[in-house]
Amino acid sequence: MEAKVLDSWVLAEFATPEALVSATQQMREKGFQGMDTYSPYPLHGGSEALGLPPSRVPFIALGGGLTGMVTALTMQTWMNTIDYPLNVGGRPLLSLPAWVPITFELSVLFAAFGIFFGLLGLSKLPQPYHPAFESEEFRSASTHGYWLSIPHPTGTDAADVKNQLTALGATHVTVVSGENE
Amino acid sequence: MAETAHALPLDPLEPRDLVAPHHDDKSLNETLLDHVWRKPGKGWFMLLGITSAALGLLVVGVTYTLARGIGVWGNNQPVGWAFDIINFVWWVGIGHAGTLISAILLLFQQKWRTSINRFAEAMTLFAVMCAGLFPLLHTGRPWFAFWLFPYPSTLGAWAQFRSPLVWDVFAISTYLTVSALFWFVGLIPDLAALRDSSKTKLQRTIYGLFALGWRGSGRHWHNYKIAYLLLAGLSTPLVVSVHTIVSFDFAVSQIPGWHATIFPPYFVAGAVFSGFAMVITLIVPARKYLGLRDVITDRHLENMNKVILATGLLVSYGYLMEHFIAWYSMNQYEFWTFYVNRATGPYAGVYWLMIACNVITPNIFWFKKARTSIPIMWVASIAVNIGMWCERFIIIVTSLSQDFLPSSWDIYTPTWVDWCIYIGTLGLFGTLFLLFLKFVPAVAVSEVKELQLELKHAAHAAHGNGHHGSDAAATHGAH
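The listed protein sequences derive, respectively, from chains A and B. Counted the way my numbering counts, the first sequence spans residues 1 to 181. Counted the way my numbering counts, the second sequence spans residues 1001 to 1479.
Extracted from the complex, chain B is given alone in its bound form (with noise of 0.2 Å):
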């Protein structure tokens, strides 16, 4: 390939591609489109086996809990919450990584977001979609959920608005309703490319039904384009309230472990620590699978280990700064909670398994051969996907199995119930993930080549007559 002729980088700090350079608008529609018109796969089969298997174990879990109430989960007194509460925070957890490439990245310019904005959005939906089963199991009786909402009763009783509870369910909603709103949004003209470019009668009316007509009109995009920054910048105050929030079931209440000013920050730097990991664990198979190297290149990858690094090292201070107060405030139930029970108790493989995960594996990327290294990378975010795993159950369980009245501890043991329905959460997801990789673009196509004419643009001064800058010209230079 003729690369060094013609992909020259947009920035002289960015210096490798983000979109590989012998494309066009049209073929960049072809590869980019290819996989939603292309018959899928073995493989693809095969996964969606396996995930609906494991969706299966989530109808005899929840069946099973409906039928019988919740006492068939491990949930003891004193462990009132624990998988149900762990799976929640660490599926929201999971879906933050989206809204955060998606808006933040945006929102700063970064042009490499482009490719895997798409594919992360979808990821938060089916996260949050998943953390939401969870707190509507424990409920006891979901066909009640709408209690959780102020609604004029015959009771008369109204929502207690300063219980975090609460709080928590108008985070979430609006989180789902905000998301949906913006992958939507941003998949209108990607909808209308798949109608314009069906092959049949019927692919054509569903997609233009979905496509709501749009024809690519200057007078629409004047709107659109404002319209999808402004969400963008909505969605990114809203995805730090989100996990604010959730800290706060936590941190607003007295147990020891779970009371402390910290908690947010360090609950929003762990969601996007864990968020990140997930999405480098689904993209390194779906992108080899979907034929989409040229459009989620190595540099992707990298940038997005380098976040990984970054948050992780910003997780382990919020480890840090735990035990430091919890020695500093020299309470001894904080002492006891973070010295005692969680490093040496019952729960000690646990903690291990998180510092293991979380502290340590995010610093193998300080060195670029790791961060560039596919196997490397997708075995580091499976391990960060189970430290934030443990991370949750350290915090949640550990403090409520040995709070304050040693007469009233006990130990915590998970059942099958607890287990099926969180294997059947990853076999949702699975499956919903492995549905939108078949009939969406799984890549924004219209950034895509918004994004590509900006870098031939850039190539272009790049090779003009230097008079577009030094920034230009040294790029030039340096190649």
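Here chain A stands alone, though its shape is the one from the complex (with noise of 0.2 Å):
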């Protein structure tokens, strides 16, 4: 059989938002990388805690809104003034006042197609399996669970890992393994 590269996670249950976010804040002051929480809605103070940079989605929406801008002002401008002339009721053949609304609606949409699919790209959706799902435990991260995971190599022992967590309270702790995402 062909060896696959396998990669293993600790994975840690706690009994409270607050909980789960200073025990990852523990965690990474202990100099653990590569960590994720896992938790029904948004943890308050998370990204701090798992120490993230600024999300780049702005800059893709940004980047939409330009686009969508750019795309409905050349076309406007090319179709009715350049390639099909058409003189109605002798206005001008660049009347950019009337190239307003288009042009505001193109850069919205534009951008809310950066901001979708910006946001799928970023998190590497869709993903339907994960490793961490091989727990079924885990499946409470999206109604009431709060979760924590830690790469570790796999093999080794993850004892140490997993009297550090259950130390910081959490309630279940756990090892998964599966492909190297």
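Any given hint might turn out to be false.
Rough simulated footprint, nothing fancy, chain A against chain B, three-plus residues with beta-carbon under 8 Å [stated by the list, open to error]: (1) 1148–1157; (2) 1442–1456.
The calculated lysine to any residue pairs, modelled on SDA-like cross-linking and capped at a C-alpha distance of 20 Å, are [what the hints assert, rightly or not]: (3) A:K124 with B:I1226; (4) B:K1438 with B:L1033; (5) B:K1225 with A:H144.
Simulated from the structure, these hints should not be mistaken for lab results. For every residue, glycine included, the Cβ atom is placed at its ideal position computed from N, Cα and C.
Reconstruct the complex from the two isolated chains, following the hints.
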């Protein structure tokens, strides 16, 4: 059988969002890398505890909006002024005020696409399978559970990490393995 | 219930509960997702039967129209626009409350929006779908609808971008797309919750497919929060722009009664007015059926009634200004339209119904008793929906049937096909809505959980030793 690169994670459940955030903070201060939290709604202070840099979604949105704006302006100008000049009641061929509504709409549309696909892209979604789902208890992360994951080298003993998490108040600790992300 | 002990409100100005106090994450989850797992009751099937029957009328009306052409409608010369545009504007207007509730109230951090936004956004989507049908059919040959978009055709002709009708195409398609994205992004965490509380493999697979593998990761939430906020930020000007552009369809023309600068704000206010009324009409029975009284509380209903009152007054002001300008401009056609044709002409009955429903009815919401009485608000909300439909009828039909030259005047009467299609879209809307109530959480579960946590913290702060400031202390004192 072909050997697959396997990765393991220690998963720990906490009773409250506050306990999860403070445990994340403390584990990160101890030097653990690549951690992630899982919760049914965004944790207050969760991003800070994980030490995440500012999200890039706004830049993608801005890019989308500007693309929409430029697209709309060039499209209308080229179509109605250059390629197919249409004289309607003697109005100027380049009637910029009349371009405004469509320019606005396309800016919004492209910005919204930027946000949506930017969110999916940055989150690497859709991703129907993730090793974390190997643990049936972990499914509570979307309903009422607060989980922390810490990457762990496969095959080595996770007891130390587990003990540290239990000391920080984890109510349930388990190890899952799966293909490398 | 020991409510007084831990149900302290977030804000001293908001004295009533947003979430009934006896819930935690797990019980919220069960309460809010229950209606998806529960086998639908007889009532649901009965309603579905009624709406599907109405949907059948739509099929009949559309088939007949496509087979015979739009000559089977009541439209004539000079009333070339009638039911098709009336219903289009009416449906789009209804849709707007959804975006308003979701987006504008989110930006203003109105916590009470959380329980009703999903519901309202669904309403937006389905209403805009119904709206889109009308202009599509009015083209006569909807299979050529792509002609509306600028595409490289063999004729070498392009769309005419100075026309409000082309603006409309872009506005409505953008609105539908952005509303759908906003709705779906809001749904993702709840779809994951559904996936993870599924009871069968099939349910888990289907909801899992739509949940895109969401697992509540902190790294994802980090992007999600800002993405959701930005979509709300975009939707806010979008909703204003859409109804502004819809009003341009009229205001940019020269027909008396249409050519008015007040149209954009007056249309937007009217849209919000009718939209909120539609939310009340739908949410009052739905929250009972779905058992959502704990999260869609009386306070939500009262707040919505206040919005109806405020926007109703704005609409009344719009009517007043139209009439004032018609007199002040001393334009004989405008004067005729507003003071003679609309008020005493062949459609005077519709006009006075509109005044009764839109100007008089909302004023009952000055009284707290009316704002908090379920039967009164439900009847009033239906009256407002009728009134707003009459408004579009009056604007469109009276102005067209009697414009400048008396020799070209004519009366418009809708045919049975018109009614079939209109009632049919009500059926389409109702069917989609019932399916939504069955298969998707009607309340944004993850947001309610977050809200509940915030409320708990606020209550905790108020109970603490007072170091959280005078607001919290004042709240505590008030109780």
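Just to make sure I understand the rule, a stretch counts as covered if three or more of its residues have a C-beta closer than 8 Å to a C-beta of the chain. Does the stretch 1442–1456 of chain B meet that for chain A? holds (count 6)
Need the status of pair B:K1438, B:L1033: alpha-carbon distance at most 20 Å? Distance of about 10 Å is within 20 Å: holds.
Straight-line Cα separation of A:K124 and B:I1226 no greater than 20 Å? Cα-Cα ~16 Å, so holds.
Taking 20 Å as the top limit, are the C-alpha atoms of B:K1225 and A:H144 close enough? holds, 19 Å
Are three or more residues of the stretch 1148–1157 of chain B within 8 Å, CB to CB, of chain A? holds (count 3)
Going down the numbered hints, you'll see the structure goes against none, and every one checks out.
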